[in-house]
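Peer 1: Residues per chain are reported as follows:
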Amino acid sequence: MEKIVLKDVAKAYGKNKPVIEHLDLTIQKGSFTVLLGPSGCGKSTILRMIAGLEKETAGEIQIDGKSMKGVDPGDRQIAMVFQNYALYPTMTVRGNIEFGLKNMKIEKSERQKRIAEVAKMVNLEEYLDRMPSQLSGGQRQRVALARAIVKKPSVFLMDEPLSNLDSKLRAQIRTDLIELYRKLGSTFVYVTHDQVEAMSMGTDIVLLENGQIRQHDAPIDLYNLPANLFSARFIGSPPMNILPIQATNGSNLTRPMAAAHVGMRPEACMISVKRPAANGRMLHIDGELVTREALGDQTLYKVQTPYGQMQVKSFSSQLIPYGPVTVSAEAANLYFFDEGEQRIDMQARSVSAL
Amino acid sequence: MPKPIRSTARWIVSIAILLVFFVPVYWMFLTAIKTLGQCYQTPPSFWVSSPVWENFVNAINAIPFWSMLKNSIIVTLGVLLCQCITVIPAAYAFARLRFKGQNVLFGITLATMMIPAQLIFLPVFLMFSNMGLINSYASLILPHATSAFAIFMLRQTFKQVPEELIEAARLDKASQWKIITRVMLPIARPTLVTLALLTLITTWSDYFWPFVMTTNNDVRTLPVGISMLRIVDGGVQYPLLMAGNMILVLPVLIAFFVAHKHIIKAFTYMGDK
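Here the protein sequences line up with chains A and B, keeping their order. According to this note's numbering, the stretch in the first sequence is residues 1 to 354, in order. According to this note's numbering, the stretch in the second sequence is residues 1 to 273, in order.
One thing to keep in mind: the hints can contain errors.
[Said to hold, decoys possible] Which stretches of chain A does chain B cover? Using the computed rule of at least three CB atoms under 8 Å from a CB of chain B, they are: (1) 70-76; (2) 80-86; (3) 333-346.
[What the hints assert, rightly or not] Each pair of labels, with its calculated beta carbon distance range: (4) A:K120 <-> B:P162: 28 to 36 Å; (5) A:G40 <-> B:S7: 46 to 54 Å; (6) A:G40 <-> B:L133: 57 to 65 Å.
The hints are simulated quantities; they were obtained by calculation from the structure and are not laboratory data. The beta carbon of each residue, even a glycine, is placed where N, CA and C say it ideally should be.
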C-alpha cells in the first residue's frame, strides 16, 4: 500500500533552474526507503518537501492518499531527525522530548508515560534532566530520535542523521535504527549519501542524480541488477570496474551488439601473475599492479590496464607481488551497457557471438 | 616579552583602567558625605573621618523626592515594556521572515540611530504640545518606545539561531508565537538582559527628555530633581548634589551587579551546537 506519493513534483529556488523536475515517487507503507545520491542530487529537498518545510513548485504530494497542499509540517503526522540534531539548547532532554507532545495537547500523565517508555527504548533514562550541551554526540542523536519516536508518527523522516558521528558509533546506531524500524513498523524515509547506510538499512533504495531517479529497487537488486552506469558506479565499494567494450575484443565472449561498456565488480574479479589460458568463459585483461592494500580479511588491488584502471577485491591471503598481472572475470559476472549508459539485459536482448 | 614583565604590565594597565572608572564614583561618594566646607578645602582630602550622613536626608527633603522616584519607576518600566512589545517582533521579523521592502525598512530603522535627540526634540516637543501631552507620562515614554539599536542587536542574535531549530519546532507543531517565546527568546536571554539593562540605565538617568517635556514637577523624574539640588539655598551645594546622585545611580549599580554575568555572555554567545 502506498504511504507517500509524489506526483510530477518540481522544485525551483527563486528564478534558478529547477533542482527537481517531473519527479514521480511512491513510498510503500512500512518500508524503510532510503533516498541515496551524491550531494546536490536533491534528496534532502525531496525529504523536506515531504515534511512540508519546503514548498513544491509544481505537482502534488500525498500522504495516506490525502493531498498535503497547505498542510502545516506539524499536522502531517510525521517526525524528522536532523543532521545536526536540532535540539532546543535551553531545554532539558525531557523538555526537548516533551515539547512536541505539549503542542499536541497531550495530557500530562500520558506524556510522562510516553517519555518513560521512549527514554527506556533509547537508553536515556539517566539523562532526562541534563541539558543537551552536557551530552555527547551519540547521546544527542538518541535524544533527537526519542523526540521523534515519542510523537508516534506514521512516518519518520531522517536527514543524514549519522553523518556527524564517528564510524564506530555510526555502525552501532545503524543497527539500533534497524531494530527500531522493526519494532515500530512505521514508514521510514532516510536521506544519505553513504551507500553502506543505504544498503544495510533500506528495504527500498531510491538512487538519485541531478534531481532524477536513476533506480528505485531493493538493495540486493540495486547491487545485482544496476539499471545503468550511474547505479553500477554508485553502489558497491570499491565501485564496479567499467571499461570500454574494446576490452573484450579477442576474448571469444558472447556480448550484446549494442554494448558500449563492460562492467565487472571488483569482488567478482580474480587477479593472477600468470595469464590463464583463454577458454571463452573468462575475460582476461593484462595490466600492471599499481597499489595493494592488505586489510587482513581482504586485499584491494589497483591495476593499470590499457583500457583504464581496475580494482580487484581478493579474499585470498596470498599477496600478489607488484609487477605485471592479469585480471580475470567470469562471463556470467559481466555487465554490458549501451551507448545511453543503460544496462543491457542479457536475457531480454538478442545477443550475438563475436 | 618575558613572562614577569608581561604580567606586571597587565597589572599596571588593569589598575589604570580601574582608577579611571572607580575614582569618579569614589569622589562622588566622598563629596556626598563631606560638609560644604570640606568640599572647598585645599588640598582636597581623600578620606573623611566623620561622614555627614544627613546630606542624604537633606537631599531627599530638598526636592519632591518620593513623587519623582515614583515617576522615574513608572517611566523606566513603561519604556522597558514598550520596547519589549515593539523590539522583539520587529527583530524576529527582520531576522526570520521574508517580506517586501524588508531591506529598505531595516535600513531606515538603522538610519534613525544616527539622528541625535537634540536635532529632533523641537519638532517632537511641538507635536506633543499640539496633542496636549506635555507634562504627561506619555510624553516621557513614547519617544523611547522603541530602539533601533535593540532591534539591530536582537536581530543579530535571532539570526544566529540555526534554521533547523525553527524547523524542528514547526514539526513539533509549535505556532509562530511559541517558536518566539519558547525557542528564540530563551536562546537570546543574555542579549535581552543586556538590552534591558542598557535601556534601564539610559532611561533612568535621562535628563534631557524629561526636562524638555515637562514644565512642572508632576511627572518629572529623579535626574531633573537631582539637578534642582544645585540651586538649593543660593550657592551650589555639592554635598547635597552628590548625595542625590549617589541615590540616583544606586539602582543602576545594583542592576549591573545582578546581571553582569549575562552581559558578558551576551557578547561571547555563539550558539549551542
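Peer 1: What hints, given by number in increasing order, does this structure fail?
Peer 2: 3
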